[in-house]
Amino acid sequence: MNALIWLIPIALGLGFLGLVGFLWSLKSGQFEDLDGAGERILIDDDKPLQPRPQPAEAEDEGDGAKSL
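Mapping to full-length UniProt numbering: the sequence shown position 1 is 1, numbers consecutive.
It is possible that part of the hints are untrue.
[Claimed, not checked] Using C-beta positions, here's what the derived DEER-type ranges look like: (1) 28 x 7: 57 to 63 Å; (2) 4 x 24: 27 to 33 Å; (3) 19 x 50: 49 to 55 Å; (4) 2 x 35: 46 to 52 Å; (5) 39 x 2: 40 to 46 Å; (6) 16 x 49: 51 to 57 Å; (7) 9 x 35: 25 to 31 Å; (8) 53 x 28: 37 to 43 Å.
[To be verified] Taking lysine to any residue pairs in the SDA-like style, the calculated list, with each CA pair at most 25 Å apart, reads: (9) 47 x 37; (10) 27 x 13; (11) 27 x 39; (12) 27 x 38; (13) 27 x 14; (14) 47 x 35.
Source of the hints: derived by calculation from the structure; they are not laboratory data. We put the beta carbon where it would ideally sit given N, CA and C, even for glycine.
Input sequences plus hints: build the corresponding full structure.
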């Protein structure tokens, strides 16, 4: 029974803090645009890839055969 004397006020206090946090998030606009970021990443055009420069082939000094 002594535990309930402590647990009930703690539970009520945590519930009140959760409610205050939720109301603050509503007031500060945290829930204004829920889909915007998700759609923005899908619609975003990527920059075209630049082709990689091909490495210059070194000339073999020897019998003229190219190595693979």
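Now for the hints, and whether the structure bears them out:
Look at residue 28 against residue 7: about 31 Å separates their beta carbons, and that is not inside 57 to 63 Å. Remark: the range hint 27 to 33 Å for residue 4 to residue 24 is upheld by a beta-carbon distance near 30 Å. With their beta carbons about 53 Å apart, residue 19 and residue 50 fall inside the hinted range of 49 to 55 Å. Under the hint 46 to 52 Å, the C-beta atoms of residue 2 and residue 35, about 49 Å apart, fit the expected range.
Between residue 39 and residue 2 the CB atoms are about 54 Å apart, so this pair departs from the stated range of 40 to 46 Å. In this structure the supplied range 51 to 57 Å holds for residue 16 paired with residue 49, their Cβ-Cβ distance being about 54 Å. Taking the beta carbon of each, residue 9 and residue 35 are about 40 Å apart, not inside 25 to 31 Å as hinted. For residue 53 paired with residue 28, a C-beta distance near 49 Å fails the hint of 37 to 43 Å.
Restraint check for residue 47 and residue 37: the C-alpha separation of about 19 Å stays at or below 25 Å, so the hint holds. With a C-alpha separation of about 21 Å, the suggested pairing of residue 27 with residue 13 holds against the 25 Å cut-off. Proximity of residue 27 to residue 39 is assessed by CA-CA distance (about 24 Å); at most 25 Å being required, the pair is judged to hold. Annotation: proposed proximity of residue 27 to residue 38 holds, straight-line Cα distance about 22 Å (limit 25 Å).
Between residue 27 and residue 14 the CA atoms are separated by roughly 20 Å; this keeps the pair inside 25 Å, and the hint holds. Using a Cα cut-off of 25 Å, the hinted pair residue 47 and residue 35 holds, with the two alpha carbons roughly 23 Å apart.
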